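Based on these hints, arrange chain E on the given structure of chain R.
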Amino acid sequence: MKELVEFLAKALVDNPDQVQVAVFEEEDNIRLELKVADADIGKVIGRQGRIAKAIRTVLKAAAVKNGKKVSLDILD
Amino acid sequence: MRSVEAVGRTVEEAIAEALDQLKIQRDQAQIEVIDEGTKGIFGLIGTKLARVRVTIKDQTVPEPGDTALKPETEEAEGLQAKAEWGKNFLTLLVAHMGVQAEVTIVNIGDYILLELSGENMGLLIGRRGQTLDAIQYLVNLAAAKAGFQGAKFMVDAEDYRKRRQQALEQLAERLASKVISRRRKAVLDPMSPMERRIIHLSLRDNPKVCTYSEGKEPYRRVVIDLKK
Numbered sequence: 000m001k002e003l004v005e006f007l008a009k010a011l012v013d014n015p016d017q018v019q020v021a022v023f024e025e026e027d028n029i030r031l032e033l034k035v036a037d038a039d040i041g042k043v044i045g046r047q048g049r050i051a052k053a054i055r056t057v058l059k060a061a062a063v064k065n066g067k068k069v070s071l072d073i074l075d
Numbered sequence: 000m001r002s003v004e005a006v007g008r009t010v011e012e013a014i015a016e017a018l019d020q021l022k023i024q025r026d027q028a029q030i031e032v033i034d035e036g037t038k039g040i041f042g043l044i045g046t047k048l049a050r051v052r053v054t055i056k057d058q059t060v061p062e063p064g065d066t067a068l069k070p071e072t073e074e075a076e077g078l079q080a081k082a083e084w085g086k087n088f089l090t091l092l093v094a095h096m097g098v099q100a101e102v103t104i105v106n107i108g109d110y111i112l113l114e115l116s117g118e119n120m121g122l123l124i125g126r127r128g129q130t131l132d133a134i135q136y137l138v139n140l141a142a143a144k145a146g147f148q149g150a151k152f153m154v155d156a157e158d159y160r161k162r163r164q165q166a167l168e169q170l171a172e173r174l175a176s177k178v179i180s181r182r183r184k185a186v187l188d189p190m191s192p193m194e195r196r197i198i199h200l201s202l203r204d205n206p207k208v209c210t211y212s213e214g215k216e217p218y219r220r221v222v223i224d225l226k227k
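Note that the protein sequences, when read in sequence, are chains R and E. Going by numbering that gives the first Met the number 0, the first residue of the first sequence is number 0, and it counts up by one from there. Going by numbering that gives the first Met the number 0, the first residue of the second sequence is number 0, and it counts up by one from there.
Hints were generated in silico from the structure; no laboratory data involved.
Mimicking DSSO-like on lysine-lysine, the simulated pairs with C-alpha atoms at most 27 angstroms apart in a straight line are:
1. E/Lys-215 / R/Lys-52
2. E/Lys-227 / E/Lys-184
3. E/Lys-22 / E/Lys-161
4. E/Lys-161 / R/Lys-52
5. E/Lys-161 / R/Lys-59
6. R/Lys-1 / E/Lys-86
7. R/Lys-42 / E/Lys-215
8. R/Lys-34 / E/Lys-144
9. R/Lys-67 / R/Lys-1
10. E/Lys-151 / R/Lys-42
11. R/Lys-52 / E/Lys-86
12. R/Lys-9 / E/Lys-144
13. E/Lys-151 / R/Lys-52
14. E/Lys-144 / R/Lys-59
15. E/Lys-86 / R/Lys-42
16. R/Lys-52 / E/Lys-144
17. R/Lys-59 / E/Lys-86
18. E/Lys-47 / R/Lys-52
19. E/Lys-151 / R/Lys-9
20. R/Lys-42 / E/Lys-47
21. R/Lys-52 / R/Lys-34
22. E/Lys-86 / E/Lys-151
23. R/Lys-9 / E/Lys-86
Cβ-to-Cβ under 10 angstroms is the rule here; a few derived chain E residues that face chain R:
24. Leu-91
25. His-95
26. Val-98
27. Asn-119
28. Gly-125
29. Gln-129
30. Ile-134
31. Tyr-136
Restraint ranges, calculated between C-beta atoms of paired labels, are given here:
32. E/Thr-90 / R/Asn-28: 27 to 35 angstroms
33. R/Asp-75 / E/Lys-227: 49 to 57 angstroms
34. E/Lys-227 / R/Lys-52: 37 to 45 angstroms
35. E/Arg-182 / R/Phe-23: 53 to 61 angstroms
36. E/Gly-149 / R/Phe-23: 36 to 44 angstroms
37. R/Phe-23 / E/Asp-188: 32 to 40 angstroms
38. E/Thr-37 / R/Phe-23: 34 to 42 angstroms
39. R/Val-22 / E/Asp-224: 50 to 58 angstroms
40. E/Ile-33 / R/Arg-46: 16 to 24 angstroms
The structure displayed is predicted, hence computed values, not measured ones. Ideal Cβ placement from N, Cα and C applies to all residues, glycine included.
This is chain R alone, in the form it adopts within the complex:
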């Protein structure tokens, strides 16, 4: 999960070295927090959240495999 978000975020931003993903596991829930350089926030959110939505869709599909719920927060 963490690697997936990292991989996608790094492919989309101008400053891949500043991509950070933190994982918080609570029973059946996995919460991921994505942090990118201030200038790159738009690159992972997109207009009307379109990019964030696509990342979450891909993440959800990946989560189905291990039967856990996953959520992604983008920090600003």
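Then chain E, alone, in the frame of chain R:
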């Protein structure tokens, strides 16, 4: 020669909108960008919509021959490199999703078709293809970020796109008959520009009904109505 002007949040969206209105494919169109538009800051401040003019190409005029030859081969090489890059990126992406899939470059033309095969394809397609669409969108974004231009990627698995096209064409036919018999227009579910174009194209030659799109993205939908 018919032409329309369209606006969108990006040049691509404006082009898609214009093609949608004209009910033609991209290779039948001559595209002129009037205004690139600006994204503004986070799409909030100082946004300006992109404007394009799309004209239906005159089919009888042949493409300029000799002069276009050299750039064409250069373009082909560029597209080949882009396709290889996309294959690699997509393989990595699905591997990170925990799915082992093989990626094949099926076709390089108006778009670069990448086909996924293996187990768990249903998972990669998702409900109504939404996961496949998300993957395709992200691959195209990452390609643009990596500096690639030209034809866009289309990502497919288990012929989903073709099956969806057939399903949409059948839906269009069925609804068209209903519109004719009930003499009432039919409003479809919201669809992507690509899916709307399939509906428009499939009913283009129907003598009794006409089609148009209404509403704003991402809730834009096709309406099938009786021809006046």
